[in-house]
Amino acid sequence: MISQMQQKSESPDTKGKILEVRGLTKRFGGIIANDNIDMDVFVGEIVGLIGPNGAGKSTLFDMVAGVKPSGSKRFPDAGCVRFLGHDITQLKAHQVCRLGLARTFQIVRILEKMSVLENVTVGALCRTSEVYEAEKKAEKICEFVGLKDRQNLAAGELTIEGKKRLELARALATEPKLLLLDEVMAGLNPSEVAETLDLLRQINKQGITIIIVEHVMQAVMAISDRIVVLDYGKKIADDTPEAVVKDKNVIDAYLGSEDA
Amino acid sequence: MIKDVARSLWALGWMGGGAIAAFVVLLLVAPWVVSPYVVSLFMAMFMYIVVCSSWNIISGFTGYVSFGHVVFWGVGAYVTAVLVWKFNYPWPLAVMLGGVGSAFLATIVSYPILKLTGIYFAISMLALAEAIKILTSHFRSVTGGGGGIYLRPMASLNILYLMMGFLALAVVLVCYSITHTKFGRSLLTIREDETAAESLGINITRRKIQALILSGLFPGIAGGIYVMNVCFIDPATAFDISITVNIILMTTFGGIGTIIGPVLGPVAFTALSEFLWASFPFLHRAILGAILIAMVMGMPNGIMPFMVRFAQWVGIREFFSRRREASQ
Amino acid sequence: MFEAWVTVLISGLAMGAIYALVAGGLNLTWGVMNVVNMAHGVFLMLGAYITFMAWSYWGINPLFTIFLSFPILFALGALINRFLVRRTVGLASMLLTFGIFMVIENLAVVGFGGMYRSVRFFTGSYDIMGVFVSKPRIIAAGIAVAMSLLTYWFLKKTKIGVAIRAISLDRMMAEQCGVNTNQICTITFGIGAAQPAVAGSLMSLIFAFNPMLGRVFLVKAFAIVVLGGMGNFLGALIGGLTIGLVEAVIAFSGNLHLSEAAGFIIIILILLLRPSGIMGRRQ
Numbered sequence: 392m393i394s395q396m397q398q399k400s401e402s403p404d405t406k407g408k409i410l411e412v413r414g415l416t417k418r419f420g421g422i423i424a425n426d427n428i429d430m431d432v433f434v435g436e437i438v439g440l441i442g443p444n445g446a447g448k449s450t451l452f453d454m455v456a457g458v459k460p461s462g463s464k465r466f467p468d469a470g471c472v473r474f475l476g477h478d479i480t481q482l483k484a485h486q487v488c489r490l491g492l493a494r495t496f497q498i499v500r501i502l503e504k505m506s507v508l509e510n511v512t513v514g515a516l517c518r519t520s521e522v523y524e525a526e527k528k529a530e531k532i533c534e535f536v537g538l539k540d541r542q543n544l545a546a547g548e549l550t551i552e553g554k555k556r557l558e559l560a561r562a563l564a565t566e567p568k569l570l571l572l573d574e575v576m577a578g579l580n581p582s583e584v585a586e587t588l589d590l591l592r593q594i595n596k597q598g599i600t601i602i603i604v605e606h607v608m609q610a611v612m613a614i615s616d617r618i619v620v621l622d623y624g625k626k627i628a629d630d631t632p633e634a635v636v637k638d639k640n641v642i643d644a645y646l647g648s649e650d651a
Numbered sequence: 015m016i017k018d019v020a021r022s023l024w025a026l027g028w029m030g031g032g033a034i035a036a037f038v039v040l041l042l043v044a045p046w047v048v049s050p051y052v053v054s055l056f057m058a059m060f061m062y063i064v065v066c067s068s069w070n071i072i073s074g075f076t077g078y079v080s081f082g083h084v085v086f087w088g089v090g091a092y093v094t095a096v097l098v099w100k101f102n103y104p105w106p107l108a109v110m111l112g113g114v115g116s117a118f119l120a121t122i123v124s125y126p127i128l129k130l131t132g133i134y135f136a137i138s139m140l141a142l143a144e145a146i147k148i149l150t151s152h153f154r155s156v157t158g159g160g161g162g163i164y165l166r167p168m169a170s171l172n173i174l175y176l177m178m179g180f181l182a183l184a185v186v187l188v189c190y191s192i193t194h195t196k197f198g199r200s201l202l203t204i205r206e207d208e209t210a211a212e213s214l215g216i217n218i219t220r221r222k223i224q225a226l227i228l229s230g231l232f233p234g235i236a237g238g239i240y241v242m243n244v245c246f247i248d249p250a251t252a253f254d255i256s257i258t259v260n261i262i263l264m265t266t267f268g269g270i271g272t273i274i275g276p277v278l279g280p281v282a283f284t285a286l287s288e289f290l291w292a293s294f295p296f297l298h299r300a301i302l303g304a305i306l307i308a309m310v311m312g313m314p315n316g317i318m319p320f321m322v323r324f325a326q327w328v329g330i331r332e333f334f335s336r337r338r339e340a341s342q
Numbered sequence: 002m003f004e005a006w007v008t009v010l011i012s013g014l015a016m017g018a019i020y021a022l023v024a025g026g027l028n029l030t031w032g033v034m035n036v037v038n039m040a041h042g043v044f045l046m047l048g049a050y051i052t053f054m055a056w057s058y059w060g061i062n063p064l065f066t067i068f069l070s071f072p073i074l075f076a077l078g079a080l081i082n083r084f085l086v087r088r089t090v091g092l093a094s095m096l097l098t099f100g101i102f103m104v105i106e107n108l109a110v111v112g113f114g115g116m117y118r119s120v121r122f123f124t125g126s127y128d129i130m131g132v133f134v135s136k137p138r139i140i141a142a143g144i145a146v147a148m149s150l151l152t153y154w155f156l157k158k159t160k161i162g163v164a165i166r167a168i169s170l171d172r173m174m175a176e177q178c179g180v181n182t183n184q185i186c187t188i189t190f191g192i193g194a195a196q197p198a199v200a201g202s203l204m205s206l207i208f209a210f211n212p213m214l215g216r217v218f219l220v221k222a223f224a225i226v227v228l229g230g231m232g233n234f235l236g237a238l239i240g241g242l243t244i245g246l247v248e249a250v251i252a253f254s255g256n257l258h259l260s261e262a263a264g265f266i267i268i269i270l271i272l273l274l275r276p277s278g279i280m281g282r283r284q
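Chains as they are written, first to last, in my numbering: chain A, 392 to 651; chain B, 15 to 342; chain C, 2 to 284.
I should point out that these hints are in silico values taken from the structure, not numbers from a laboratory. In this text, a Cβ means the ideal position worked out from N, Cα and C, and glycines have one as well. Check before you lean on any hint, since a few could be wrong.
Derived CB-CB ranges, DEER-like [said to hold, decoys possible]:
| id | chain 1 | residue 1 | chain 2 | residue 2 | range |
| --- | --- | --- | --- | --- | --- |
| 1 | B | S170 | C | G112 | 53 to 59 Å |
| 2 | B | N172 | A | R518 | 58 to 64 Å |
| 3 | C | D171 | A | I642 | 34 to 40 Å |
| 4 | B | T219 | A | T631 | 18 to 24 Å |
| 5 | B | G161 | C | M213 | 14 to 20 Å |
| 6 | C | M174 | A | G421 | 42 to 48 Å |
| 7 | B | N172 | C | M213 | 33 to 39 Å |
| 8 | C | G91 | A | F419 | 25 to 31 Å |
| 9 | A | G421 | C | L80 | 45 to 51 Å |
| 10 | B | T219 | A | G435 | 30 to 36 Å |
| 11 | B | T219 | A | Q497 | 23 to 29 Å |
| 12 | C | M213 | B | V39 | 31 to 37 Å |
| 13 | A | E548 | C | V163 | 55 to 61 Å |
| 14 | C | F208 | B | V156 | 28 to 34 Å |
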């Protein structure tokens, strides 16, 4: 059934639009984390999603990927999310993943007691039911992201850089069409950031669309084709990196948040 | 999946295969060599290997610690006893249906109860066992009420002993194999992090339900074999919380979440508990309790860490690989 | 018929008041320390035996024996916490305290014998316009309610009580604010053991008991805590009264076994429908 859905999704009527968010609203008690957000992402793009702390970026990822944010129900209060032409608003995380949407987490969620290779194997098992096959594929992906020499370590023993890379590898192993990356460069040193940027470009060249939430501003400006800015749950800008840095709303939002 | 199972069995190698063959030979020879008393002791040990390994599927691999697992064993025993006593079913069929009965119970309770986690899951399993115990006493016309059911002896000790032995072997092999399949990997992932598991395409609800059903199936069969051997069952025995505690105690001792732990635990404890019964007939429960306290305080991961060091020294690492090491 | 129902309701509420006291202690250890105390039932049983011994050997009025059972079990609880429970929480504490349960229960069987005992001090019942109220029940219930309220006052108004509540909200933060958490937890566990002991003393007035007394009340106490919301001290009182009432009503409708099962079925339903308890905030 899933393969049928995927075939349908690649029909031309989606006009190259891979993700379509319409009027997405999510409240936590009295706080509005996402306020009527519209957003489009096209096939092959790298989109940067930025905003001050608490602007609702991670919540937006949770809502798109069908993850239950802590202390809340899974679904948005209003609005809808379409991925490759079908409505995924009410789908659970595993169904969304099956359709080809993978994510990493802001606070890494690796399986600490398993080895690095086993972590990636779990991701690969999304597309096959043979563990042996999945392990072969996981080995290739470990090599691709540069974890080959560490693949037999327990995942908990990795450095923060290694853990971020492992999450990326595990997400890639699920064969995504769209990758949501939540702060994969936070806490990395400049040379590690440069390596990660390289890696992301290579992934993008393979035809995987990427949305990236990032606080490392130079990095996100350097890699994104387009940048979406959130502030207090609202979308305040959506333009090329060059235009966004000159946008008055954006400057106010950042300066305002630093004053506070 | 079948390929994975075949590959995992092949990976047992000559050492694993030899161990299985040796076990089967000893199993078959034992009744001719030792007294019936020792045979029934072995049978009790095999029974605990079955229930501990089954408990380990939901509690060790999946991380949902059940404090009411005796309920599956008890329901299996009761289904078998009632079918034989009321409906004159042939006993081997009744034993198998005991397993079906406990798996059925697991199926109906699984969806709601697995929404709970941690302590809440543990306590609701405990409450489930207590509730079923009382309901069993209540529906006198079906279950014989609090007085229990007496059966006339039908199967010989040796036959039942062999059934229990082969069941134990089968359950251990099933547990070993599933850790090498997608299903087993999914369970281990769920234990580590449910949100991550779901984001990696694992249908956690379905996997947990499957794990609980599998975990409830074998104890039911073991309960059926047990009841054919002792020919008596009543609610107090069938749903005794001490059995649950024994299961947890033995498995923790052997090593939660390992394959070999739920085998070592029952072997060690059957011997120990037999010794305590004989030496301290009035205080053996207190001594077992003291051992439980000492274990929680002294070695929360069971004897596995020591065993791992020993095994690495001997050189058989495959059975004790890091993945299956005990977790909190 | 009306009088009969009132009788049932009153006796249910009376039993519920004692349940609430049993659950109150569990609520403290579970809600504050995250220790799932499986040894809860044996504290209750010890309380009953203290009353029995004091009454039968020294002829002490059973009502005054609560001044014995409270301090003795407080000391025992404090010691158990100091030497055993202190560093374990959650599932490990469940196993550990089950070990304690096995040891104490077994020792009690050896020491007291397995036969049933009873304290026949208050007998008969008051007849108030056709409503019969059993004397021991109503006296025990009165003391139980007083005890529960006293604990509630203690937690709300005293310095130690505030510290206990602070730990239940955030242990780390309490420690940062200068609360000696080890000491307070020892006191908490002491009270958590003494409360069911008083309940046990009161129960010995109502029915016959043996060393297995605690078993029945263990899971029931869990049910009450879950019903009232973990860590909610007024919730435990209301939960206890509710379960007492439900049991009495079902038993009066002619079904003793089902009334026993009621507690367990309630616990499962509440956990599923409203995990934070009837008094708890909805998440």
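*Can the suggested window of 25 to 31 Å be confirmed for the beta-carbon pair C/G91 and A/F419?*
Between C/G91 and A/F419, where Cβ atoms are some 27 Å apart, the hint holds.
*Kindly confirm whether 18 to 24 Å is satisfied by the beta carbon distance between B/T219 and A/T631.*
43 Å Cβ-Cβ, so the 18 to 24 Å window is violated.
*asked:* Against the range 34 to 40 Å, how does the distance between the Cβ atoms of C/D171 and A/I642 compare: consistent or not?
replied: 38 Å, holds
*At the C-beta level, are B/T219 and A/Q497 separated by a distance inside 23 to 29 Å?*
25 Å, holds
*May I ask you to test the hint 42 to 48 Å on the CB atoms belonging to C/M174 and A/G421?*
Violated, since C/M174 and A/G421 (Cβ atoms, about 24 Å apart) do not stay within the stated range.
_Looking only at beta-carbon atoms, does the pair C/M213, B/V39 fall within the given range of 31 to 37 Å?_
Check failed, 45 Å falls outside 31 to 37 Å.
*Regarding B/N172 and C/M213, is the given constraint of 33 to 39 Å on their beta-carbon distance met?*
37 Å, holds
*CB-CB spacing for C/L80 and A/G421 relative to the 45 to 51 Å hint*: Holds - the Cβ-Cβ distance for A/G421 and C/L80, about 48 Å, lies within 45 to 51 Å.
*Given the range 28 to 34 Å, decide if the beta-carbon distance of C/F208 to B/V156 lies inside it.*
30 Å, holds
*Hint says 14 to 20 Å; check whether the CB-CB distance for B/G161 and C/M213 agrees.*
The hinted range 14 to 20 Å holds for B/G161 and C/M213, with Cβ atoms some 19 Å apart.
*Lying within 53 to 59 Å: is that true of the beta-carbon distance B/S170 to C/G112?*
43 Å, violated
*asked:* I want to verify a distance hint. Is the separation of the beta carbons of A/E548 and C/V163 within 55 to 61 Å?
replied: 43 Å, violated
Checked against the numbered hints listed earlier, the structure breaks hints 1, 2, 4, 6, 12 and 13; every other hint is satisfied.
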